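Residue numbers (our numbering), protein chains in the order written: chain S, 57 to 468; chain A, 57 to 468.
If you are wondering where the hints come from, they were derived from the structure by calculation, not from laboratory data. Wrong hints could be hidden among the right ones.
Where chains are identical, the list cannot tell them apart; a pair therefore holds if satisfied intra-copy or between any two copies.
[To be verified] Listed below are the simulated DSS-like cross-link pairs for lysine-lysine, each with C-alpha atoms no more than 27 Å apart in a straight line:
1) 89 - 157
2) 255 - 460
3) 392 - 78
4) 91 - 78
5) 392 - 460
6) 392 - 236
Please read all numbers here as calculations on a predicted model, not as lab measurements.
There are 2 protein chains.
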Amino acid sequence: MITTQSQRHCVSHLEAAIDGTKLPAGTIQTLHKGKPLWVRYDLDAVREAVSREDLVEREETMWRYRELLPVARDENIVSLGETMTPLIHCPRLGARLGLRKLFIKDESRLPTGSFKARGMAVAISMAKELGITRVAAPTAGNAGGAMAAYAARAGMESYVFMPSDTPLVNRYEAVLYGAKTFLIDGLINDCGRIVGEGKEPMGWFDMSTLKEPYRIEGKKTMGLELAEQMGWTLPDVILYPTGGGTGLIGMWKAFDELTQIGWLENDNKPRMYACQSSGCAPIVDAFDKGERFADPAKDPHTIASGLRVPVAVGDFMILDAVRESRGKALATDEDKLLDWMREACALEGIALCPEAAACLGVLESALAAGEISHDERIVIFNTGAAQKYIEAMQVEIPTLDHTKPIEWASLG
Amino acid sequence: MITTQSQRHCVSHLEAAIDGTKLPAGTIQTLHKGKPLWVRYDLDAVREAVSREDLVEREETMWRYRELLPVARDENIVSLGETMTPLIHCPRLGARLGLRKLFIKDESRLPTGSFKARGMAVAISMAKELGITRVAAPTAGNAGGAMAAYAARAGMESYVFMPSDTPLVNRYEAVLYGAKTFLIDGLINDCGRIVGEGKEPMGWFDMSTLKEPYRIEGKKTMGLELAEQMGWTLPDVILYPTGGGTGLIGMWKAFDELTQIGWLENDNKPRMYACQSSGCAPIVDAFDKGERFADPAKDPHTIASGLRVPVAVGDFMILDAVRESRGKALATDEDKLLDWMREACALEGIALCPEAAACLGVLESALAAGEISHDERIVIFNTGAAQKYIEAMQVEIPTLDHTKPIEWASLG
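For reference, chain S alone in the conformation it holds in the complex:
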């Protein structure tokens, strides 16, 4: 499986998402006119370099799609073993909603227990390739720990800034992975501003969501895996918990690239549902108003920390993908998140996070409205492990006195 660089590296250039300006790959890039960049590939070269059949002999990790990833040299790949995540059929949860073909793609099974690993694996690999040795990022939840873990693996210095009310597990894991970690009495945007301001005095690279071009390429592998796991077809509907939205944007890009290299069995694309909480729904508001850019969410609050993103720099990329797919942006009532989380965990044994619970609420609404039909093939992304959200799942557990006889009938 070892090949030379020229066979595997098919990046042609970077392209500004806002106006199509071409920028060179192979040098450090951030934003163009304040907006993100796409990585573009020579897809003819990809088609010549690899076939669907070639994949069968490759390890079941996200790096099996090597030719559709931006790292030029294998030795720059920074990996913690990003095994393909299982696509789990959910008959019991499906029955609850009247569905036979409900699937959860369980991203909690990646390094650091969240989908953030995909983006950071590629972003840190590219940082290494480009000679970066110090990185920083703001985080509202799982991103900070993921960056810290991959930076540790690469031997880089990392700095993480997070709101003081970030979930405890996310706070501790960043420190544990060796990041210099700081709390801010504010929101993720305040943290983002500090990361931006520190670039010059601290000499770090700003790894904020979409402020470097490569996290999206890592997230893209969610879509590549899904297509392969479904026999190179795509589901009818994807429900995706949308904070910064990189995953949704990345998957839509993946489906386009797969179409262009001719790997899909048919032209059917999924309708993409961007799912948010009523506590923080800027993308839903913009979708409802027919806008391409979102106003900042006011007073953002939700137990789904990954959805607490009042300003998404890729707002127009999310909204473009949702509309192009004939999908929707919808919010679930914040008060329902915990119930959906508990119900899914107890029915299927999958550690569903509150962000993914928002997708179940949206799904129920869309089924009731007749927008999604009961015989469609539906995929929800579980973006992180429920175990990382102890604040959300506070429960009282009864204590038994083991020195006295147990009253069995009282156990229920």
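Dock chain A against the given chain S, drawing on the hints supplied.
Just chain A now, kept in the frame of chain S:
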């Protein structure tokens, strides 16, 4: 890959570990003379049914070793997608110890974030096959959540009993997965007694470690995967965090079965190191005294909750395997666990749990004593995700005032 039952099911009988008594498979079994049972296979039938080459076409999950697992019918397999765990080369942590060939097998990447998933996947599948609908278990850490998750997936009722000071994440996850969960002001053995006493009044099956024959078969897949990942050879040394010890016992059984079916490239077996904490080291005490059975640990205490097992029902099976392998049972100073955990996480980005940290302490001692040499191929098992141990990783994180200019020099 679908075949008939007769081709895939190769169990011949069960065998009492204490005296070799044969017992029939296919019926509910627990202990014999108070001691655990082995599952025995017709290994000639296994050799005929499957070859190493056949595995290449199978999915990279623990079920690829189908013929060496006890489930008779595919439809009884209860799965949450048990993908093969990565075997991660650790050059930076290795350098810290003067090693070039140090590997961590990262079991935190299984469902529920711990190696307990392997055992429970098989035990709950077998419970389903045998018609059991209600299960109960004592737990000191990750086992309860894993049982609850697989029971949920199977649609079974589950009951979990745990000491009041079990880590918070373990307490919450059991509830989240729908288990009826109870705290006990005592130790895991007090919980185990309640589970035993409740069998008749509550009609549940006792899923305690080694009190049913199948968890060990699930844990066995750690050894099967390791062998395959190392090109059907075995490492020189395995360091394994040992509480109940099922994993160590299971791996040693796996290596024996692989030898008998002729899949290993050579006869070299690893030296097995059973690693404990000075706060609870009954197996180490028995090893040092030359005993086959261990005295209960007094005043057991350790941040490595999975090692807080004062009485292991499979003590003699652990000690037999360790001695047969020419390995050792060794304890790390409890006070060093947190430092090793932090160091490994920060050097390699792997979410090393405190149980696995005990292995690093033992490794350092054994290297210093010259028992393990610096050019050997060494594997440590990371049995769970560090993120599940928030009590162990308590840290103070500095807060910055984002409304004032940041003093960059103060960030370090």
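Unmet hints by their number, sorted upward, for this structure
Numbers 1, 3 and 5 - these are the hints that the structure violates, sorted from lowest upward.
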